[in-house]
Amino acid sequence: MTRSNISDDAPDEARKRGLAKMSEVYGWEVSDGPGDYFAHTADQVFGNVWARDGLSNRDRRLLLLGALAASNNIDVAEIQAGAALGNGELTPEQLEEISLFLCYYVGWPQGTKMHFMFGEVIKQHRKKK
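For the sequence shown, this note's numbering assigns the number 1 to the initial residue and increments by one for each residue that follows.
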């Protein structure tokens with residue numbers, strides 16, 4: 001199976017791959033859920049998009065953090081930042097650098113929101129250690 005025809009898999013295979021990738025990306029065991037929304041999230045977003053070759057989870061997460069900052073989705077960015085720290089994909093220092101970098105590309109107010117949110121995520125991460 002190549003990554004280009006990954007969506008041709010049986011629905012059960014797409015779901016298994018999606019749940020495994022979700023668990024890998026978020027750093028905790030994700031169990032199957034009901035409904036079309038969860039099906040599309042698990043099967044398509046994680047089973048197909050996140051499972052593709054070409055970019056690492058870290059690469060995808062960096063892109064996602066930028067997109068979330070630009071679209072003012074700080075609450076979702078908080079989940080991604082926590083998972084990045086927990087999975088060892090990003091360090092606290094890198095998150096701080098990302099917020100400064102984003103200030104120049106998404107605007108100072110948005111970058112500042114990310115900065116303060118990252119600070120809270122870092123604080124929580126350090127408490128867990």
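Hints listed in this document are in silico derivations from the structure and should not be mistaken for laboratory results.
C-beta atoms are modelled at their ideal positions from N, C-alpha and C, and glycine is treated no differently.
Among the hints, a few may not be true.
Ranges of calculated distance between the beta carbons of each label pair, as one might list FRET restraints [said to hold, decoys possible]:
(1) Leu100 to Lys16: 15 to 23 Å
(2) Glu29 to Tyr104: 31 to 39 Å
(3) Glu13 to Asn72: 19 to 27 Å
With a Cα cut of at most 30 Å, we get these calculated DSBU-like pairs of lysine-lysine [said to hold, decoys possible]:
(4) Lys113 to Lys16
(5) Lys128 to Lys113
(6) Lys129 to Lys113
(7) Lys123 to Lys113
(8) Lys129 to Lys21
(9) Lys16 to Lys123
(10) Lys113 to Lys21
(11) Lys123 to Lys21
(12) Lys127 to Lys113
To see whether the hints hold, each was checked on the structure:
1. Range check, Leu100 to Lys16: about 40 Å between beta-carbon atoms, so the 15 to 23 Å window is missed.
2. Checking the proposed 31 to 39 Å range against Glu29 and Tyr104 shows it holds: the Cβ atoms sit about 38 Å from each other.
3. Separated by about 36 Å at the C-beta atoms, Glu13 and Asn72 break the suggested range of 19 to 27 Å.
4. Only pairs whose Cα atoms come within 30 Å are accepted, and Lys113 paired with Lys16 is rejected, the gap being roughly 36 Å.
5. For the hint pairing Lys128 with Lys113, the CA-to-CA distance comes to about 23 Å; that is within 30 Å, so the pair holds.
6. In summary, the hint linking Lys129 to Lys113 is supported, as the alpha carbons are separated by about 25 Å, within the 30 Å threshold.
7. A distance of roughly 16 Å separates the Cα atoms of Lys123 and Lys113; the hinted pair therefore holds under the 30 Å criterion.
8. Distance check on the hinted pair: Lys129 and Lys21 sit about 25 Å apart at the alpha-carbon level, within 30 Å; holds.
9. With a C-alpha separation of about 34 Å, the suggested pair Lys16 and Lys123 falls outside the 30 Å cut-off, and the hint is violated.
10. Taking the CA atoms of Lys113 and Lys21, the gap is about 29 Å. The hint holds against a cut of 30 Å.
11. Our distance criterion of 30 Å between C-alpha atoms is met by Lys123 and Lys21, whose separation comes to about 26 Å.
12. The suggested pairing of Lys127 with Lys113 holds, with an alpha-carbon distance near 22 Å, which does not exceed 30 Å.
This entry does not satisfy hints 1, 3, 4, 9, going by the numbered hints stated previously.
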